[in-house]
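One letter stands for each residue in the lines below.
Protein chains: 2
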Amino acid sequence: MKHNRFARRMAGMSASEVREILKVTERPEILSFAGGLPAPELFPTKELAVQAKALLEEEGIRALQYAPTEGYLPLREWICERMNTVWGSQVTPSEILITSGSQQGLDLTTKVFLDEGDLVWCESPTYLAALGAFNAAMPRYEEMVTDQDGVILDGLEERLKKTPPKMVYVIPTFQNPSGRTWSMERRRGFMELMTKYGIPVIEDNAYYEVRFDEVEYCSLKSFDPEGLVVSLASFSKVLCPGLRVAWVAASPEIISRYIIIKQSTDLQTSNFNQMLIYRFLKNHDFDQRLEQLRDTYRIRRDAMVAALEEELPEGVNFTRPAGGMFIWLEMPENIDAHALLQRCLKAFVAFVPGFTFYPENGRRNTARLNFSNLPPEKIRQGVRAFAHCLAEEMEARQPQAALSAEK
Amino acid sequence: MKHNRFARRMAGMSASEVREILKVTERPEILSFAGGLPAPELFPTKELAVQAKALLEEEGIRALQYAPTEGYLPLREWICERMNTVWGSQVTPSEILITSGSQQGLDLTTKVFLDEGDLVWCESPTYLAALGAFNAAMPRYEEMVTDQDGVILDGLEERLKKTPPKMVYVIPTFQNPSGRTWSMERRRGFMELMTKYGIPVIEDNAYYEVRFDEVEYCSLKSFDPEGLVVSLASFSKVLCPGLRVAWVAASPEIISRYIIIKQSTDLQTSNFNQMLIYRFLKNHDFDQRLEQLRDTYRIRRDAMVAALEEELPEGVNFTRPAGGMFIWLEMPENIDAHALLQRCLKAFVAFVPGFTFYPENGRRNTARLNFSNLPPEKIRQGVRAFAHCLAEEMEARQPQAALSAEK
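Listed in order, the protein sequences are those of chains A and B. Heads up: take any position in the first sequence, counting from 1, add 222, and you land on the working numbering. Heads up: take any position in the second sequence, counting from 1, add 222, and you land on the working numbering.
A few of these clues could be false.
Heads up, the list lumps identical chains together, so a pair's fine if it works in one copy or across two of them.
Pairs of lysine-lysine residues, derived as DSBU-like cross-links and limited to a Cα-Cα distance of at most 35 Å, are as follows [as the list claims (entries may be wrong)]:
(1) K568 to K600
(2) K275 to K504
(3) K245 to K268
(4) K504 to K245
(5) K383 to K275
(6) K600 to K245
Source of the hints: derived by calculation from the structure; they are not laboratory data. From a predicted model like this one, the values you see are computed outputs, not experimental measurements.
Looking at chain A on its own, in the form it has when it is part of the complex (with noise of 0.2 Å):
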């Protein structure tokens, strides 16, 4: 078939090079903190598998039939009454649309806001598989610089007075890959502008409640009062990917066009999977699980820190997140990630190069690191091999500067 059978879109389509390294990470000797996978053993099979029964028994015909596209309504009440007690929001079930997992909110968002060439603004770095479904429309990306606070606020106003962009992509709390949060300061003043030029804004909520610090936090909807914040999360790190259920929460005006979207990209997600979270959070405790997890994750949080306190040669940096599921790494101005990886791989333990997480001027010495998929010891295990190829590879790096020291 020729080339120019397929769209436009194709030619700067490839898979995801994270999904490539998770390939080879697979091999069960490799010590992977590439992937971002929630602890499995943390998984409620047990109550699942009771729930899936009795709704099948007691409601099947209804779970398996077609079903509206908004989604199961009491699954969207209970998401707004946990939005409007825990997250400080203010949504009601017609503002929410339930989805198949995150990443459709994305593509959803593709679909309602984005033409060809559209300039979106994303944090540097930013999440790598939001840029993948924004690229079905080919837009253009600047990114906004961030520190340990969150996107930096000088010289946007100057930017969006010349050229604002058709929306902006955040992940304000615990962030994908960088594991960073937002000051309350930051979220405020993002968006005072945001409101003023009337900029559309997307928050990628995936991890707001995977919190292990007393850390202060609140949606961007707190301070939306033009009804801009369209805030996307989602049950997969919370209770378990694989069932695939998410949600979108956005004022009448934006939702009723994610609605209309979503009907023609897929008509409606898993009544069933929705029906069966359902069940779930009415007969169990999900703050007690929601504790757990949390427990489980800052040991391991903890475990990643300290051993890369320890183990890391100097010039390194790397953040410490209040929650999420990853650590950002900062190396020498002289390292690849890419080669790095390939020395690591060798002995056996792997991780993400940080360069395609970035929306523009990718930057080759960053690197993220998951630490919810593997105990403790695992997690000391790994960090001593990866600190071991790092300080291996930055000699290499190094050797006109050794050899010119020595003479």
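Based on these hints, arrange chain B on the given structure of chain A.
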């Protein structure tokens, strides 16, 4: 929010008319031929309850974790086996991608093939939700005229020479909405043309196995030496729609692009749902179940055909489908099915006007009637009410003629 904040494609998007009609017809007092719902009493709820519990107990972690985009390999192997033995195809598991319903197959098709302004050929009439999915890319449509044997081939080659389409979309077997099935001769002739001009062919096989009568047919893939055919199919109509498990079968060159695009669309279809369907297929007799479904639908089709023959006024033609879920009506030219629908709703019977099923030049005097979702006695009762309303509408539309005849 300003209207131009949204993507241009949103201007042409509205909630599906069928969906809006379905909302009205949800009222229990209405006899509805409007939807396209399978008979829920045939859903294997008890069997799935047992399998779901066993699956979560035995393989819960795998079912609830992230999984490869391509889909669950044993299910893809089962699909290949089925397609190669029953459908007469020649496919391998690596040519199968599991999708979240067949509607997602249409969405992925849009992304893989369509740029703005591209020309798509469809049957006239065609499946309206396919147009909904394609509209995301803002293509142009041209229709291929059909008769009882499928697409009429006369004149197609002239058009292929002049302005070849980017792709064609067809439903050769038990078409929604017309119920028609292409003859073998038309299938062969159509594929000869498409092969000669190298046009990708999207073949929608959603109803492929929902056959009541002996009729010869095969997938267009049987006449596809160049690997141009993308075959969409689903478990929705033969098992249940609520699990949202369907598939795309295509040559390696094409399926690899569908996989890349699905990755950024929703990562994967629920692994749990895929494994659940596979367990059901492995542990139960699918063919026996299919026979039961065919017997049930045949009785309903027969009841509707008999009632239509008996009750309809002169001058109305309708199809006698050998499979699928729909009968298509062509009423006198001066009848507007939308006005008829309003009259019918007052008589507590509903259907879908045919107008929206046309890619262009919609015919207002057509209607789609579903027979899969009501028992025979309700079908007879509904057809009587429908025929009565149609007779009234025909009379109301000819006052001048009637009056002048009286003079």
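Against the structure, the hints:
Within a single copy, K568 and K600 get their C-alpha atoms as close as 17 Å, which meets the 35 Å cut-off; across copies the closest is 69 Å, which misses it. With identical chains, the CA atoms of K275 and K504 are at most 35 Å apart both within one copy (15 Å) and between copies (19 Å). Taking CA atoms no more than 35 Å apart as the test, K245 paired with K268 passes inside one copy only; the shortest distance there is 29 Å, against 37 Å between copies. In this homomeric assembly, K504 and K245 come within 35 Å of each other (Cα to Cα) only across copies, at 28 Å, whereas the closest approach inside a single copy is 37 Å.
Proximity of K383 to K275 under the C-alpha cut-off of 35 Å is found in neither arrangement, the shortest distances being 57 Å within a copy and 57 Å between copies. Within a single copy, K600 and K245 get their C-alpha atoms as close as 20 Å, which meets the 35 Å cut-off; across copies the closest is 54 Å, which misses it.
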